[in-house]
Amino acid sequence: RKEVEQDPGPFNVPEGATVAFNCTYSNSASQSFFWYRQDCRKEPKLLMSVYSSGNEDGRFTAQLNRASQYISLLIRDSKLSDSATYLCVVTGNKLVFGAGTILRVKS
Amino acid sequence: GAVVSQHPSWVICKSGTSVKIECRSLDFQATTMFWYRQFPKQSLMLMATSNEGSKATYEQGVEKDKFLINHASLTLSTLTVTSAHPEDSSFYICSATPGYDYGYTFGSGTRLTVV
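Residue numbers (the working numbering), protein chains in the order written: chain U, 1 to 107; chain P, 1001 to 1115.
Among these hints, one or two may not hold up.
[Said to hold, decoys possible] Below, computed lysine-lysine pairings styled on DSS-like, alpha-carbon distance capped at 25 angstroms:
1. P:Lys1041 - U:Lys106
2. U:Lys94 - U:Lys45
3. U:Lys42 - P:Lys1014
4. P:Lys1064 - U:Lys94
5. P:Lys1014 - P:Lys1055
6. U:Lys42 - P:Lys1041
7. U:Lys45 - P:Lys1014
8. U:Lys94 - P:Lys1055
9. P:Lys1014 - U:Lys94
Hints listed in this document are in silico derivations from the structure and should not be mistaken for laboratory results.
The shape of chain U in the complex, shown without the other chains (with noise of 0.2 angstroms):
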């Protein structure tokens, strides 16, 4: 099983909606937890954080369930910008990066 596993998509979805990303990790020792978008050859930027209180930011909403080792992201009203790749990425002793869903946003 891998370490950080989630759906590579690609989510295709019209501009508007409302779209959620799953993530799920085997390590119960992981401690930080965040999502990173990264756009077509370009190196990842950090998107948020990712807390069991859950957080927003914006159009952004992450959501942090440690019982069930579980992490998601809500993005609303979805816009052509937000089309990229988004990656989990769970730390304990070392970063682990998921394998990344594609969003695909049109018109």
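Given chain U, work out where chain P should sit, using these hints.
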């Protein structure tokens, strides 16, 4: 804050030559830096953890004699791909963090093509 600079952005080299990639933390000190490799349409794979003043820790399957890592100061880590071959062609990215709460910042990556 938390800027990581990586150089060069891209390099083309002949098979058998060595290539050095630099990773610098510009506005913070990093006792630890991470080196990743990403092949097309695949996720980032951790190659090694670079530790300032001590030996790097390599992931399973990564040849330490081929991928030489030097972390001589708190702001600079280098990865040298020795005797590069076409199968080493990839996107190499470094990462560091000022602290857990800041998340990890990535360098802009180095696209290596070995011909």
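Each hint, compared with the structure:
no.	hint	verdict
1	P:Lys1041 - U:Lys106	holds (21 angstroms)
2	U:Lys94 - U:Lys45	holds (17 angstroms)
3	U:Lys42 - P:Lys1014	holds (24 angstroms)
4	P:Lys1064 - U:Lys94	holds (18 angstroms)
5	P:Lys1014 - P:Lys1055	violated (28 angstroms)
6	U:Lys42 - P:Lys1041	holds (12 angstroms)
7	U:Lys45 - P:Lys1014	violated (31 angstroms)
8	U:Lys94 - P:Lys1055	holds (16 angstroms)
9	P:Lys1014 - U:Lys94	violated (33 angstroms)
The structure is inconsistent with the numbered hints 5, 7 and 9, although it conforms to all the rest.
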